[in-house]
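Which chain is which? The protein sequence lines are A, B and C, in order.
Throughout, my numbering is defined as the position within the first sequence, counted from one, plus 22.
Throughout, my numbering is defined as the position within the second sequence, counted from one, plus 22.
Throughout, my numbering is defined as the position within the third sequence, counted from one, plus 22.
Rather than coming from a laboratory, the hints here were simulated on the basis of the structure.
A hint or two may mislead.
Since copy identity is lost for identical chains, a pair holds within one copy or between any two.
Derived lysine-lysine pairs resembling DSSO-like cross-links, with alpha carbons at most 27 Å apart [as the list claims (entries may be wrong)]: (1) Lys198 x Lys310; (2) Lys109 x Lys343; (3) Lys282 x Lys310; (4) Lys343 x Lys163; (5) Lys163 x Lys109; (6) Lys282 x Lys163; (7) Lys109 x Lys282; (8) Lys343 x Lys282; (9) Lys282 x Lys133; (10) Lys109 x Lys198; (11) Lys133 x Lys343; (12) Lys198 x Lys343.
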Amino acid sequence: TRGSPEFREPGSGGIFRLTGEAQFDFGYVENPGERVATTNLGYNGRARRIIIGAHGDLPGDFRYIIEFNLTGQAVDYEDVSLAWEPKGSPFSAKIGFHYPFVSLDILTSNKLISFSERAQINDALGQNGRRLGASFGLVDKSGTLRFNAGLFNSDINANFNNTNYLVSARGVWAPKALGGQLHLAANYQYRRFPVQSQGFLYQARPFAQISNVRFIGTAGASATGALSGGIAASGDQVFGVEAAGIFGPLHVVGEANYVKVDAIAPGEVLGNGRASTGQRLEGNPAFKAAYVEAGYWLTGETRGYARGRFDRTRVRNPVHKGGPGAFQLVGRVDHLDLTDRVGGTGAGIVNGVLNGGKQTGYLGGVNWWPTDNIRFSAQYTRAEIDGGPGAGQVEPLSPASLIDRDYGVDVFVTRAQFDF
Amino acid sequence: TRGSPEFREPGSGGIFRLTGEAQFDFGYVENPGERVATTNLGYNGRARRIIIGAHGDLPGDFRYIIEFNLTGQAVDYEDVSLAWEPKGSPFSAKIGFHYPFVSLDILTSNKLISFSERAQINDALGQNGRRLGASFGLVDKSGTLRFNAGLFNSDINANFNNTNYLVSARGVWAPKALGGQLHLAANYQYRRFPVQSQGFLYQARPFAQISNVRFIGTAGASATGALSGGIAASGDQVFGVEAAGIFGPLHVVGEANYVKVDAIAPGEVLGNGRASTGQRLEGNPAFKAAYVEAGYWLTGETRGYARGRFDRTRVRNPVHKGGPGAFQLVGRVDHLDLTDRVGGTGAGIVNGVLNGGKQTGYLGGVNWWPTDNIRFSAQYTRAEIDGGPGAGQVEPLSPASLIDRDYGVDVFVTRAQFDF
Amino acid sequence: TRGSPEFREPGSGGIFRLTGEAQFDFGYVENPGERVATTNLGYNGRARRIIIGAHGDLPGDFRYIIEFNLTGQAVDYEDVSLAWEPKGSPFSAKIGFHYPFVSLDILTSNKLISFSERAQINDALGQNGRRLGASFGLVDKSGTLRFNAGLFNSDINANFNNTNYLVSARGVWAPKALGGQLHLAANYQYRRFPVQSQGFLYQARPFAQISNVRFIGTAGASATGALSGGIAASGDQVFGVEAAGIFGPLHVVGEANYVKVDAIAPGEVLGNGRASTGQRLEGNPAFKAAYVEAGYWLTGETRGYARGRFDRTRVRNPVHKGGPGAFQLVGRVDHLDLTDRVGGTGAGIVNGVLNGGKQTGYLGGVNWWPTDNIRFSAQYTRAEIDGGPGAGQVEPLSPASLIDRDYGVDVFVTRAQFDF
């Protein structure tokens, strides 16, 4: 069963579907030692996403999608794109606002990820990541081998100077083997920032979007948890590997990313119309991230997988058939390291080391799907932070270097979700 | 007939409906003596609401709704919620963005209220009043007795410090008696403001939303009709009683509210992370409001009523069947008193009295519904104001105390509305 | 074939359709001599429109439409209106947000115009031009003669002082003659600006909306291409004539406009609550604009025409039937003259001449429609500018008067579009 009906036009083979989604979050992010000078930690409630849109097929093997996310009294976007997927051909193409080919966790729908938020590297690399661009795909007949690549410009905004761009590619090998579904993939992004504002603030929330405080990020010391400035860079490269397996009710998945920043040095002269933003660096920092996750359906479901990403899991015994719905236990360890030696001095640099900080999350949660389109989730996270822009504020008396001061934060998030 | 079709999914019993609405207002709010220093009085036109959304049923007795109000170049929301209404059970539950149980006038759809705006107490208590929260309902088999209660957080916003909350409850007794439909109800709200900004500005427009000028409100004197500041308070309690009757083409309805403010005193020390906003008060003020309304369908309709609130009235002889549509005459007297003795001095306080002002509206109007989904309305209101933040500006030469200076304002509003 | 299905309600004759559209632009606007101090010239990508909405019929010969354009992270509107179109009657009426009767190019859907943007006079007269208002139409039985007139207030905004208004009228004679479809029309607007801010900035982009730089406009000299201020005026009158012909695969069309400004003189005293904005002028300037356009369908289509404007062209051999889709070549010359003698001195005035500037565009493009609902376009424009607010910045060494300094700009725009 679907949450909304699908309409087929007689004669043309066209299909049309209205879609929507809402996610309501309520939770708690600890203010460590009550030392961060902000009201944006503690309890908070929020509508995380409120989505409405339409999907459809057009004659000629075209597919379109327009989806808006209108939460927070603001206009944002899910996919807004046109795809061409000729039947029987290994080739496909897409134009418009869609995700670069970057991470299994990103490419899996936000409705279907194991926790309320994706792995923190995706947060650190900047917002939701979709871009205006054009891409193509190749897939073998069995669907086991898959390759996508694209050239992307900017997000959907009101700017008239979107000179940034991004090239990305991803290859997937997804054999049915070992009695289950395997997934091995590699992805790559080459990103250039806008020429008139070359710089980026790599920063990650504490595994929840009910707070805007970041304990780690490539910025100068912050007493409030709000970071600003970032580092001067013309762009970066992001390398990722993905591995996953689905074996009956069990799934395991892990990804690792390596980010190589093309920093701009203190003395570097940029051309006409070009400028940098943020702290200039003597060396090129590199950042590392990895997570491993496992999930188990207590009620016997098998996690869905299709087209190189996780897909919807069908509930075996939904409540309207007298069943308990589907219960899933999930656990994850997620590590991000934004600290690296760059030499020199400046905002965020401690003894020649860019003190972006390291954050490791230990996440555990339970997801209950009474039916296919409704989900209730609860999750607890312990975030352990080493260094970072808040270390001096949170641990003011520690004799350790700012890079080594460590502290922990408890995070609790509940979510109610429906989609159609 | 509906304005939009309803889709039923074969096999699942699911129902899906697209909905929308637009309201166009044009009218006039008098600038008394041309003395208020603003351009926001006089003639003005406006799209009051432009709504689009979807409703649906999901298997398992779930119902969802997502509705956006996108007027004024801004994103706002009608209901965004998921309800569980098990068939044959007296119990139901709802989660998401919906109205606390607060007033018959609020719980009646904006499309179906008698005038262009609801009773002024609803404006004074803050915006449209919906909140993110969870609630439950109980109803007896005949639908005569009804009880709802809920716990609510904040509205849908981009804040990360929504520490406010609200508890509300409402009981309704709605027997068919005396040859018609009766309605007797009581409602209650316990509201706490965000701990980091404890305060509220109670203020009400002159019975129209085509101006943002307020002649009454708990703020200091204003020469422009724009109020700011408000009073320091940790929260308030709102008590309401409702009575209504529908007898053939006639309906009568009245509500009364009593608002008890938990003010914060000048010397009071708030805890860590807590702060007040607005004028601190030595005493706890109380505000009072009441309205009575009557309406009569000249064309013989009977005002709709269902589930503890007014519902859609079906047009007996719509224009597409050669009839005149439905004509309704409506009248209302609406009084709000934001003036109370609190002692002390400060912004908005005159001789120890918080000079919020009193406003009484005498409203008369005519509604024409050519068909079920189209409405044209015209209404005249005489607003009489005693005291309030604008009294000194409007009546500068009066020998009376600022609390007792009175003046009147003519208001005229026309509306065109359609919905589907 | 349509991009979305149409639903008919059994019994009522009601029709309902969901609609949507997306346009993705990428292109280049030359920075002449790299002299304009902005980052808003050069390459830029943008989602030009992302539209979602609904159309429908209601019993009683009413038709409604609600369409939002939610691009650029902002809420904007296409039509939001209710029409009454009694069958068999020459009369119709409309209320709500819709276009005044102003120009064939404006009244033709943005999906169906020949280039990515409309003729520059429409940009110069202010944004997209729709207004809240009421209008009526008359049409003869054959549809050959058509007259519309309306009274309009403001756009949809959050203001409470929309005292501006507009009266417009348009008559069309559209006979089938000379072996094709002819179109001859005249249109007129009488516009009054808000009484509290009487003034307007007439300005036009260089034939593309991928930059916000204006080389011409009634403002003082600008080094950055961002204009501000405008001229003081109580309103203006716009006179337009339209002529078009469709002969098989060929269409030709031209329009001319004359704008007479009711300027406010330096010494003029405005009444209570009234104020002017921008440069006051000693004389009333007049502006002139005209364009001519021709298009040819290489694949044999005939450009659609209906109800006094261009309509959708049906693709003869779409790709899903093995055809090439439809290819169209289009060319246009578009001239706008914002320079006029007004006497006196002040911002934007050079030797008694208001130096708004003249801009002529030579546009050529190709449009490919693989199917009825998908369009890919590429166009090149050479914009020639005489004088204007940027002339001193772009041509600093020229001995000519600022009014006569001329320069050119290359503009290239590509667009991908789908609609349903």
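Outcome of the hint check:
no.	hint	in the structure
1	Lys198 x Lys310	neither (30 Å within a copy, 70 Å between copies)
2	Lys109 x Lys343	between (37 Å within a copy, 14 Å between copies)
3	Lys282 x Lys310	within (9 Å within a copy, 56 Å between copies)
4	Lys343 x Lys163	between (37 Å within a copy, 25 Å between copies)
5	Lys163 x Lys109	within (11 Å within a copy, 48 Å between copies)
6	Lys282 x Lys163	neither (35 Å within a copy, 67 Å between copies)
7	Lys109 x Lys282	neither (39 Å within a copy, 58 Å between copies)
8	Lys343 x Lys282	neither (52 Å within a copy, 48 Å between copies)
9	Lys282 x Lys133	neither (30 Å within a copy, 43 Å between copies)
10	Lys109 x Lys198	within (23 Å within a copy, 43 Å between copies)
11	Lys133 x Lys343	within (23 Å within a copy, 37 Å between copies)
12	Lys198 x Lys343	neither (31 Å within a copy, 37 Å between copies)
Checked against the numbered hints given earlier, this structure breaks hints 1, 6, 7, 8, 9 and 12; the rest are met.
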